[in-house]
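Be aware that the sequence shown starts at 24, since it is given in my numbering, and climbs by one per residue.
It is worth saying that the hints were derived from the structure and are not from the lab.
Please note that a few of the clues may not be correct.
[Stated by the list, open to error] Pair ranges (Cβ atoms, derived):
#1 I314 to G338: 36 to 42 Å
#2 T335 to I54: 46 to 52 Å
#3 S363 to I54: 40 to 46 Å
#4 A145 to I54: 18 to 24 Å
#5 G77 to R241: 54 to 60 Å
Using N, Cα and C, we set each Cβ at its ideal position, and we do this for glycine too.
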Amino acid sequence: MALAMTLGRRALGRSWPNPAVGAVVVRDGLIVGRGWTQAGGRPHAETEALARAGDAARSATLYVTLEPCSHHGKTPPCADAIVAAGIARVVSALVDPNPMVAGKGHWRLAQAGVVVEVGVGADEARRAHAGHFRRVQDGRPNIFLKLAVSADDKVALSGRRPVAITGSLARNRVHRMRAMHDAVLTGIGTVLADDPLLTCRLPGMHSPVRIVLDRMLRLPPACRLVAGARQTPLWVVTGQRAPFGGETALRAEGVEVLRVQEANGRLDLFAALKCLAERGITRLLVEAGPILTDALLHADLVDEAALFRSPTAIGADGLDALDGRALSALTQSPRLRSVSTEALGNDTLELFERPIL
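All chains should be built: construct the whole structure from the sequences, respecting the hints.
Quick look at the structure:
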């Protein structure tokens with residue numbers, strides 16, 4: 024099962040809207056097949072592992088990080104493929120919360136005479152499939168917040184002037200985080216101040232969908248995000264009252280524009296996240312400024328967080344990490360717990376997560 028978990032991680036950021044599943048076929052103590060969900064969500068991990076195992080799958084055990092599907096979608100049910108391959112035993116980490124599966128896959132296997140065991144590696148699998156669970160159960164992606172702060176909890180110079188806070192090791196870790204998420208989200212304020220790319224610039228790794236929350240479509244057509252929209256997808260989430268002329272101009276550059284409702288003069292965060300989930304996004308990395316970051320924390324929408332901290336101070340006139348609140352709103356949040364701390368050169372990285380219920 025540990026190997027299946029590792030294989031599944033290969034698909035993170037690439038398998039959406041489907042979960043990133045890993046599968047291993049074992050016969051007589053030997054691994055005879057392995058698989059993981061392919062780009063775009065198909066083929067599934069189980070059929071990949073069975074294809075590699077071939078005839079050796081007969082009377083073997085299949086380890087899989089999530090319940091095999093039991094319904095006809097764009098591909099036949101994995102449960103049927105498992106039975107047809109002659110698998111004798113399936114060890115599954117979790118029941119799939121998708122109502123179209125939700126125990127039916129395990130039941131289908133058991134009815135066919137396959138021995139089914141559920142629960143091995145369940146906690147790790149629940150973390151690995153957090154995006155899938157969050158999208159199915161809550162109608163939104165799993166939100167991973169990334170923050171880089173100075174020693175005095177600042178994120179920029181006065182006047183929102185950008186400044187490099189962390190070193191190369193920390194920046195490379197951020198690029199890896201981008202590659203392991205379906206999409207990366209920021210706000211229009213960050214775009215106007217920093218003109219970011221939000222791509223993954225590590226060799227051989229893919230870039231996620233870039234998403235900008237922009238209520239009135241202020242996104243400059245000349246910014247780097249728009250310039251690269253035909254190479255790396257760019258979605259702009261805007262309000263119902265945003266000018267349609269701006270939408271037309273952005274669409275002409277390959278940008279997708281999504282309109283959602285507003286609340287109190289701002290985009291409705293819940294509506295925006297629901298819109299992204301409906302389009303298949305399960306794992307969302309947020310790299311935003313103080314206003315959007317604080318809004319997500321205030322709405323209790325942060326599921327995981329990465330806090331990169333530099334040993335260098337910016338000064339009292341720098342921009343605070345959160346809008347009108349101390350950073351302790353994150354670091355001492357009753358909703359999030361610190362799970363690890365590590366050094367990245369001169370910087371430190373502390374990870375937080377919402378406890379698994």
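- Taking 18 to 24 Å as the hint, is the beta-carbon distance of A145 and I54 inside that range? holds, 22 Å
- Are S363 and I54 spaced within 40 to 46 Å by their CB atoms? violated, 30 Å
- Task: Given the range 46 to 52 Å, decide if the beta-carbon distance of T335 to I54 lies inside it.
- Result: holds, 48 Å
- Regarding G77 and R241, is the given constraint of 54 to 60 Å on their beta-carbon distance met? holds, 56 Å
- Confirm or reject the claim that I314 and G338 have a C-beta distance inside 36 to 42 Å. violated, 21 Å
In summary, the structure is inconsistent with hints 1 and 3 from the numbered list given earlier, while agreeing with the others.
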